[in-house]
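Colleague: So the chains spell out like this:
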Amino acid sequence: MILFFTACDIRKNKDVKPETFLKIYDHSDITSEYSPYDIQQTVDEGFLILGGRKISDSPFKGVYVMKTDKEGDFVSEQYVSSDYVNPVKQLIKVGNQVFFFCMDRISLETKLMQIDESGNATEVAGLGLLYPLYAALNADNNSLTLLSYNREDKQTVVSKVSTQGIILNRKAFDIGFGDFDAEQAIIEHLSGQGKQLPFFCGQLNGNIYYFNAFYRYTLSLVFFDMLSTDRNPRVGLVQGYQDERVISSLVYKGNGFALSRFAYGDNFFIPDVTLNYAPNTVSSSSDIPGNKMYELKPDANVVLKNCALNNGNVLVYGSDTKAGQIALYFYDVNSGMLLGNKYLGAMNPYTLAGYTVASDKSLVVAGTTWIAGRFPRICIFKVSKEELEEAM
Amino acid sequence: MKCSLKYFIFSVVILSLLAGTDAIAQGNRRRTPTSRRNAEFLEKQWWIGVRGGWSYSKAKPGDRYSVFSSTEGEPGSLDKKYNGFKGAGAIAGLELTFTYKTFSLSFQPNYRRQRFSYSNSYEWKDTASVGLFNLQYKQDHQLDYLELPLLFKYDILKNEIKPYVQAGCYYGILSIANKKVEISGTDQASGGTVFKQPDILVGAKDLFIKSSIGFLAGAGVSYDVGNVKVLLDVNYRFGTNTITNRKNRYTNNALSGAGDALDDVKLRNISINLGCLLPMRYVDTNHFRSR
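Each protein sequence line maps, in turn, to chains W and E.
Read left to right, the first sequence gives residues 1 to 392 (the working numbering).
Read left to right, the second sequence gives residues 1001 to 1291 (the working numbering).
Only chain W is shown next, with the shape it has when bound in the complex (with noise of 0.2 Å):
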């Protein structure tokens, strides 16, 4: 019997594939500074980051692209030229396809680059548009929105781009003048040296498209229709106040919508909720009730997904603790019921960049942590389906 309950024991041991892992990239140089944005999976199984890099040319990051293999171990690194700065924040994949977005380092002109299997990034286009914030990808899986910022207009500006780099429609709205300097707060998300915004921006269904930027010099989620022909297009809004009271994230259900916001410092996390987001209409996004989330940062970053997790879609929310943590909080898409969390990270601090489920059903987290707590580095973490639906 002993030696019958051995040979399972050891043989299982044998024949196990690990599904989790965590992998922290080092360099030795004392100086290094690597910010991570976003992962993606590529077709072999390995991972794609995109981060940001300390450049002396530029105020803003230059790009950072790693590829790693399935186990997370390295495989490449590309310092991309110092010609393209401030990669923004998302990895979009388009089939087969990693696309992201970036400026030029002089003219600032918005960039669309891609990155093969390899990881080496090229650029596909220019787009004519500065200052790039945000990128989403398209119901249609073939198609982007970017969301932008005219300097020179001072105009919030929306595109609907091809992966070929042309700019199907767009839509600008003024960022307006009031007791706060829009303008201001959007150079110093820009260059890093002030408070990070949470810009975002996607289409919720057929022509109708928002985005959450400044408008009215105010933090606020707007939706508007992108084939309006009316110069200033009639929005439905769910007002901020200034950078202090906004919605930090986004998730379009279908039958309503699950969100989070931050007030003063106090999060909140609302996994379902219905907006009126019909022409001229307008809400405060304080009036919505949420959970608040005592452990997080203050004004914290929150990455919202909804993901095909545990053989059903669930929210996804990530985001940072107080103690240094990445936190992950699984609730139920429809009925907005709490699943489970799951804390990553122990020893030294650790924040979230991005996250993406990975073809085994596995979450594969990428984050930034401090060696010794000293020296910033990037990592992942692959959280194995089996782990999730013990969280959930």
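Everything labelled a hint here was simulated from the structure, so no lab data went into it.
Glycine included, each C-beta is placed from N, C-alpha and C at the ideal position.
Among the clues, some could well be false.
Listed next, the stretches of chain W that the computed footprint assigns to chain E, with coverage defined by at least 3 CB atoms under 8 Å from CB atoms of chain E [unchecked claim]:
1. 10–21
2. 25–38
3. 69–76
4. 343–356
5. 360–373
Below, simulated PhoX-like cross-link-like pairs (lysine-lysine); rule was C-alpha separation at most 20 Å, straight line [stated by the list, open to error]:
6. E:K1247 with W:K17
7. W:K14 with E:K1060
8. E:K1266 with E:K1081
9. W:K297 with W:K322
10. W:K322 with W:K93
11. E:K1060 with E:K1081
12. E:K1266 with E:K1138
13. W:K361 with E:K1247
14. E:K1247 with W:K385
15. W:K14 with E:K1081
16. E:K1138 with E:K1196
17. W:K14 with E:K1266
18. E:K1125 with E:K1060
19. E:K1266 with W:K17
20. W:K14 with E:K1247
21. W:K14 with E:K1138
22. W:K12 with E:K1205
23. W:K12 with E:K1247
24. W:K17 with E:K1125
25. E:K1125 with W:K54
26. E:K1266 with E:K1060
Use these hints to put chain E onto chain W, whose structure you have.
Modeller: Just chain E now, with coordinates in the frame of chain W:
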């Protein structure tokens, strides 16, 4: 430790050779028919007793793993440096032995503590490649096993001091596992300060599988004091399976910042044991003497 062990083994061998000079004289003693029958009967004997001692272990790594992944193409720089047979652990157990003539079958269940350790060293330099900050991690593992070994013994000589050899196999069940991390370093960027952080102690049972199997071999001597057999032996254990729980390698969150992930490890062990056995038949000294 290695020098004292070699000296001990050498002493056992010399004592065995000296004891052998008595063997020929013993063999020439005449026996009566009655005493011959008694001797044949008494060649079978059950022994029961206790044994204890010290254990020194070493980890033999197979595939290497680390949380850190070097972006400079130097994966070897992250390999752990394992310490040899250092760090003593205690052993306590029983012995049940059946002896027939010079051969014995011995079952020696025991509770043993096995310790192994390894270290890592990391350095960060400025652009002039002058070391500015270095960090050393020393990781000490303590594994408690309930072990069930089965051995064959052979008495080389039947003298007052009986040298013997033994070999067999064992199965161990993991009972407790702990891990201690000592962190120290030098921060030249802050003026050359040497620092030591508080040790971190964590439970580590989920990092190892329950079972440990292997072979063992050893040698020793026994001496009969009246009916009691006192023995002293040295055994070498050769673990055949990887004891690292490969599924849980990265799940010990508490040590992730140290870059630690266990390699695929097998155990090697040297133990020095002292035992005391009683015969289970004819414990009355009038009827039986063990020699």
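Colleague: Does each hint fit the structure? Answer for all of them.
Modeller: Here is what the structure says about each hint:
1. 10–21: holds (count 8)
2. 25–38: holds (count 7)
3. 69–76: holds (count 3)
4. 343–356: holds (count 6)
5. 360–373: holds (count 3)
6. E:K1247 with W:K17: 7 Å, holds
7. W:K14 with E:K1060: Distance ~16 Å between K14 (chain W) and K1060 (chain E) Cα, so the pair holds.
8. E:K1266 with E:K1081: Distance of about 15 Å is within 20 Å: holds.
9. W:K297 with W:K322: Status holds; Cα separation ~5 Å.
10. W:K322 with W:K93: Distance ~32 Å between K322 (chain W) and K93 (chain W) Cα, so the pair is violated.
11. E:K1060 with E:K1081: Holds. K1060 (chain E) to K1081 (chain E) sits at ~11 Å (cutoff 20 Å).
12. E:K1266 with E:K1138: Given pair K1266 (chain E), K1138 (chain E) holds - Cα atoms ~19 Å apart, limit 20 Å.
13. W:K361 with E:K1247: 17 Å, holds
14. E:K1247 with W:K385: 13 Å, holds
15. W:K14 with E:K1081: At roughly 24 Å apart (the allowed maximum being 20 Å), K1081 (chain E) and K14 (chain W) break the hint.
16. E:K1138 with E:K1196: Roughly 12 Å separates the two Cα atoms, so the pair holds.
17. W:K14 with E:K1266: Answer holds: K14 (chain W) to K1266 (chain E) is near 13 Å, not above 20 Å.
18. E:K1125 with E:K1060: Since the Cα atoms of K1125 (chain E) and K1060 (chain E) sit roughly 32 Å apart, the hinted pair is violated (cutoff 20 Å).
19. E:K1266 with W:K17: Holds. K1266 (chain E) to K17 (chain W) sits at ~18 Å (cutoff 20 Å).
20. W:K14 with E:K1247: Given that 20 Å is the threshold and the Cα spacing comes to 10 Å, the pair holds.
21. W:K14 with E:K1138: 27 Å, violated
22. W:K12 with E:K1205: Holds, because 17 Å separates the two Cα atoms, which is no more than 20 Å.
23. W:K12 with E:K1247: The given pair, whose Cα atoms are some 10 Å apart, holds under the 20 Å limit.
24. W:K17 with E:K1125: Violated - the C-alpha atoms of K1125 (chain E) and K17 (chain W) are around 36 Å apart, more than 20 Å.
25. E:K1125 with W:K54: 17 Å, holds
26. E:K1266 with E:K1060: OK: K1266 (chain E) and K1060 (chain E) at ~5 Å, within 20 Å.
Violated hints for the displayed structure, listed by number in ascending order: 10, 15, 18, 21, 24.
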